[in-house]
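*Asks:* For reference, the chains in residue letters:
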Amino acid sequence: MSVTERIGRLAMGAEYPWLRSVSQMMPIVAVVLVWQLAVDLGLVDRNFLPSFTDTIRALWDITRNGELTINLLVSTYRAVGGLLIGSLLGVMIGMAMATSKRADQFLGPLVATTYSLPKSSLVPLFILWFGIGDVMNMLTVVLACLLPVIVSTYHGVRAVPPVMLWSAQAMNTGPSSMRWRILLPAAMPSILTGVRIALGFCFVLTISAEMIAAKVGIGKLIFFYGESGAYAHMFGGLLAVVVVAYVLDRLLIAFMHYLLRWHDSISASSAHG
Amino acid sequence: MTSIRVEHLNKSYKTRDGDVPALQDINLNVQEGEFVSIVGPSGCGKSTLLYIIGGFITADSGDLRVSGSPIAGPGIDRGVVFQEYALFPWLNVSQNIRYGLEMTGVPREQRDEIVQRLVRTIGLGGFENRFPRELSGGMRQRVAIARTLAYNPKILLLDEPFGALDAQTRETMQDELLRLWLAHRKTVIMVTHDVSEAVYLSERVLVMSKRPGRMVEEFKIDLDRSGDREKMILSEDFNKIRNEVWLAVRRQTGSLQ
Amino acid sequence: MDKAASIARRGISALGGALTYSYPLLLVLAVWEVIAQAGLVRPLFLPTVTQVFEQFWTLLLEGEIVAPLLMSLYRAFAGLALSVAVGVVIGLLMARSRFANWAFDPLVSFGFPAPKIAFVPIFILWFGIDSLSKILLVAFTCVFPMIVATHHGAMAVSRTIIWSAEAMGTSERQMLSRVIFPSSLPYIFAGIRVTLPVALIIAFTTEMIAGGGGVGALLMFAQRFFQTPTVFVYILVMLTTGFILDRLVLRLEAWLMPWLDEQATS
Numbered sequence: 001m002s003v004t005e006r007i008g009r010l011a012m013g014a015e016y017p018w019l020r021s022v023s024q025m026m027p028i029v030a031v032v033l034v035w036q037l038a039v040d041l042g043l044v045d046r047n048f049l050p051s052f053t054d055t056i057r058a059l060w061d062i063t064r065n066g067e068l069t070i071n072l073l074v075s076t077y078r079a080v081g082g083l084l085i086g087s088l089l090g091v092m093i094g095m096a097m098a099t100s101k102r103a104d105q106f107l108g109p110l111v112a113t114t115y116s117l118p119k120s121s122l123v124p125l126f127i128l129w130f131g132i133g134d135v136m137n138m139l140t141v142v143l144a145c146l147l148p149v150i151v152s153t154y155h156g157v158r159a160v161p162p163v164m165l166w167s168a169q170a171m172n173t174g175p176s177s178m179r180w181r182i183l184l185p186a187a188m189p190s191i192l193t194g195v196r197i198a199l200g201f202c203f204v205l206t207i208s209a210e211m212i213a214a215k216v217g218i219g220k221l222i223f224f225y226g227e228s229g230a231y232a233h234m235f236g237g238l239l240a241v242v243v244v245a246y247v248l249d250r251l252l253i254a255f256m257h258y259l260l261r262w263h264d265s266i267s268a269s270s271a272h273g
Numbered sequence: 001m002t003s004i005r006v007e008h009l010n011k012s013y014k015t016r017d018g019d020v021p022a023l024q025d026i027n028l029n030v031q032e033g034e035f036v037s038i039v040g041p042s043g044c045g046k047s048t049l050l051y052i053i054g055g056f057i058t059a060d061s062g063d064l065r066v067s068g069s070p071i072a073g074p075g076i077d078r079g080v081v082f083q084e085y086a087l088f089p090w091l092n093v094s095q096n097i098r099y100g101l102e103m104t105g106v107p108r109e110q111r112d113e114i115v116q117r118l119v120r121t122i123g124l125g126g127f128e129n130r131f132p133r134e135l136s137g138g139m140r141q142r143v144a145i146a147r148t149l150a151y152n153p154k155i156l157l158l159d160e161p162f163g164a165l166d167a168q169t170r171e172t173m174q175d176e177l178l179r180l181w182l183a184h185r186k187t188v189i190m191v192t193h194d195v196s197e198a199v200y201l202s203e204r205v206l207v208m209s210k211r212p213g214r215m216v217e218e219f220k221i222d223l224d225r226s227g228d229r230e231k232m233i234l235s236e237d238f239n240k241i242r243n244e245v246w247l248a249v250r251r252q253t254g255s256l257q
Numbered sequence: 001m002d003k004a005a006s007i008a009r010r011g012i013s014a015l016g017g018a019l020t021y022s023y024p025l026l027l028v029l030a031v032w033e034v035i036a037q038a039g040l041v042r043p044l045f046l047p048t049v050t051q052v053f054e055q056f057w058t059l060l061l062e063g064e065i066v067a068p069l070l071m072s073l074y075r076a077f078a079g080l081a082l083s084v085a086v087g088v089v090i091g092l093l094m095a096r097s098r099f100a101n102w103a104f105d106p107l108v109s110f111g112f113p114a115p116k117i118a119f120v121p122i123f124i125l126w127f128g129i130d131s132l133s134k135i136l137l138v139a140f141t142c143v144f145p146m147i148v149a150t151h152h153g154a155m156a157v158s159r160t161i162i163w164s165a166e167a168m169g170t171s172e173r174q175m176l177s178r179v180i181f182p183s184s185l186p187y188i189f190a191g192i193r194v195t196l197p198v199a200l201i202i203a204f205t206t207e208m209i210a211g212g213g214g215v216g217a218l219l220m221f222a223q224r225f226f227q228t229p230t231v232f233v234y235i236l237v238m239l240t241t242g243f244i245l246d247r248l249v250l251r252l253e254a255w256l257m258p259w260l261d262e263q264a265t266s
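Protein chains in written order, with the numbering used here: chain A, 1 to 273; chain B, 1 to 257; chain C, 1 to 266.
Treat the hints as calculated values from the structure; they're not laboratory data.
Note that this is a predicted model, so its numbers are computed, not measured.
Be aware that a few hints might be false.
Among the chain A residues that face chain B by a calculated CB cut under 10 Å, a handful are [what the hints assert, rightly or not]: (1) Pro161; (2) Pro162; (3) Val163; (4) Ser167; (5) Gln169; (6) Ser177; (7) Arg181; (8) Glu227; (9) Leu260; (10) His263.
Yeah, the Cβ is synthetic: ideal placement off N, Cα and C, and Gly gets one too.
Given only the sequences and the hints, what does the whole structure look like? Please build it.
*Replies:* Dropping the structure here:
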């Protein structure tokens with residue numbers, strides 16, 4: 001076996017499984033190292049790019065004094081709250097559209113049109129209507145999360161094989177049971193794909209709204225640090241947000257794996273896409 | 001006592017280019033406890049007829065009565081087994097079998113007992129908690145049959161139930177079905193493209209014409225099913241009838257002069 | 001005479017179809033107009049539809065619609081183009097080279113779910129508030145879905161095709177350019193179709209946060225001065241732009257790749 005092959009096998013965790021996680025983190029470690037060196041060696045101006053250690057120190061600062069935690073919690077609450085409400089409503093609307101021709105004819109055009117609207121553009125309008133705060137923020141998030149979930153629910157329900165429905169009908173399944181005991185689980189893989197997309201949106205919208213106008217929130221915090229020139233703190237907050245978003249995505253994937261453990265493609269699902 | 005009576009049934013499909021007739025003047029009588037197969041060339045409408053009897057689609061004209069009364073859609077008196085994709089993939093084996101029992105209001109205590117009994121009957125003991133995706137095609141069809149038998153419908157409608165299985169599994173499943181039918185004597189209408197299968201299992205085989213489908217021939221099968229498979233398949237009587245039916249279908253496909 | 005009649009008939013049925021499709025929208029507009037005209041809600045919150053229309057014309061004639069819109073579109077498309085160029089290359093590399101996949105995978109894993117909009121202050125710090133920072137942020141945001149779409153497409157190329165090509169002595173570079181890239185095009189296009197609205201949204205949003213011209217900046221301006229009709233105008237401009245662009249991309253895709261089944265790449 002050649003050297004490269006041997007390294008490849010080790011990296012894949014063929015012999016020591018824990019090595020696999022290490023090797024997966026290596027590119028990130030490499031980037032961090034390059035980052036740190038570039039700043040320490042003076043290749044990059046420290047005013048424009050604080051070093052990794054500067055960032056970590058600042059991050060530790062704001063974690064200790066609670067500033068980071070509070071703002072991160074508020075933003076997470078807004079984002080996840082909006083995601084949950086938007087997903088629930090989205091499933092109900094999508095299900096209605098998929099099972100009732102009238103609902104489809106009425107809601108279909110509305111959904112198709114508002115699909116192209118950047119929901120962040122509604123923030124100024126909502127500021128006029130509701131002022132700055134949680135309502136404005138969460139409403140924007142709810143609207144942004146609605147659409148992908150409606151669409152994925154609709155398509156998921158429509159794709160249920162007719163013979164499955166017929167079998168259920170032959171066994172005395174009424175319309176309400178049909179929706180929630182048959183169509184919903186059958187469409188779940190599709191629905192959850194939509195929820196994952198909505199998850200991506202919800203943080204973006206919360207932070208956008210906070211950067212546009214807010215009193216609290218991680219978006220506001222990052223913006224504030226930027227304006228005040230506290231760049232290390234700004235980077236620290238950014239790092240925290242990226243990590244939180246990543247963790248939530250991973251949690252959703254794990255949840256999906258559990259919920260969809262009966263599904264064919266469960267082994268084929270990848271980390272991204 | 002007639003279980004299913006069809007008189008002058010017609011069905012067309014509406015397409016962009018007008019009406020395409022699928023079934024034409026179908027007449028059919030099935031007695032209680034009878035095992036009847038419907039065969040015919042591909043696309044002749046035999047599945048369509050089955051779906052109409054099942055109540056999943058409606059005929060354009062004609063009379064359809066089950067146990068003397070017209071039907072109002074699908075019902076628990078007519079159990080169906082489709083070729084594929086009918087099991088609920090998010091439920092495991094025992095949950096799938098239990099579904100019909102829940103929907104028909106069978107008391108909870110009885111449900112477990114019925115499910116256990118059926119699981120053993122279909123030979124899937126130990127697989128109760130497996131999901132359909134973990135089962136082979138033959139096992140899935142067994143669960144599908146068990147699910148339908150669980151709530152004891154009087155009539156069984158089978159739409160090419162073994163069509164998606166390999167030859168060996170198909171033979172095993174045919175024997176299973178025969179055994180179950182001999183034990184319970186339900187009324188069975190089976191649609192199949194496999195003439196040998198039809199002759200092997202049924203008391204009567206009906207041949208349909210090319211589209212638009214009409215009932216053109218009928219064969220009474222009077223074979224001794226008490227022995228085992230080899231005896232039947234290799235017997236002269238079986239092959240004689242099988243060949244006759246096969247020729248009848250060939251005639252309908254238009255491949256015979 | 002017959003030809004004119006048949007054209008007229010088709011036109012009327014098309015119009016009829018359009019009307020039945022859009023009646024919910026018209027209904028919403030009608031309800032809006034009635035509520036606003038009846039004074040049930042303060043004009044500050046809900047101007048009438050007619051007011052919004054009038055304001056639209058005023059702004060249009062003052063040059064406050066077309067020029068800013070073109071600026072926003074320029075930023076969105078430039079950023080998208082950049083992200084496509086970079087994303088396709090990285091996606092293809094990741095599909096073919098174990099090393100590239102190892103190197104980029106964690107970066108893509110972290111980058112994909114991250115809310116890239118949070119990087120606005122950094123980009124402003126580094127690149128100013130004019131178009132450059134916005135183009136780069138659009139590119140930064142869009143590169144991730146483009147990588148994923150390309151990677152997905154490249155991985156989906158059937159192995160038998162690759163084996164046949166290898167058997168015929170195709171070099172790695174040829175493999176990439178003449179086998180994998182063309183086969184991935186449908187997926188790349190699907191990725192572009194999905195990412196285009198994102199590009200637009202990011203361009204608008206960064207303008208809203210940081211200013212520097214464009215429709216987003218003007219929208220925020222109007223809000224700060226409580227010019228509600230103008231706010232509505234710009235929201236509708238954004239809506240219409242997004243809608244038209246999406247339709248155009250669908251047309252373009254159908255024209256370029258008429259054999260494609262839309263389901264195949266969703």
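*Asks:* Do the numbers back the hint for Pro162 of chain A, that is, is its least Cβ distance to chain B under 10 Å?
*Replies:* holds, 8 Å
*Asks:* Identify whether the interface hint at Ser167 of chain A stands, where standing means a beta carbon of chain B within less than 10 Å of its own.
*Replies:* holds, 4 Å
*Asks:* Going by Cβ atoms only, is Val163 of chain A closer than 10 Å to chain B?
*Replies:* holds, 4 Å
*Asks:* Closer than 10 Å between Cβ atoms is the bar; does Gln169 of chain A clear it against chain B? Give me holds or violated.
*Replies:* Since chain B brings a Cβ to about 4 Å from Gln169 of chain A, closer than 10 Å, the hint holds.
*Asks:* Does the interface hint hold: is His263 of chain A within less than 10 Å of chain B, judged Cβ to Cβ?
*Replies:* holds, 7 Å
*Asks:* Restraint: Leu260 of chain A near chain B, CB-CB cut 10 Å. Satisfied or not?
*Replies:* Hint on Leu260 of chain A: holds, closest Cβ of chain B at ~8 Å, below 10 Å.
*Asks:* Checking hints one by one. Is Ser177 of chain A an interface residue toward chain B, by the C-beta closer than 10 Å rule?
*Replies:* At about 7 Å, which falls below the 10 Å cut-off, the nearest Cβ of chain B leaves the hint on Ser177 of chain A intact, so it holds.
*Asks:* Take the shortest C-beta to C-beta distance between Arg181 of chain A and chain B; is it under 10 Å?
*Replies:* holds, 9 Å
*Asks:* Are Glu227 of chain A and chain B close enough, Cβ to Cβ, to be under 10 Å, as the hint says?
*Replies:* violated, 51 Å
*Asks:* Have a go at the Pro161 of chain A hint: is there a Cβ in chain B nearer than 10 Å to its own Cβ?
*Replies:* For Pro161 of chain A, the interface hint holds, since the closest Cβ of chain B sits about 4 Å away, which is under 10 Å.
When each numbered hint is compared with the structure, a violation occurs for hint 8 only.
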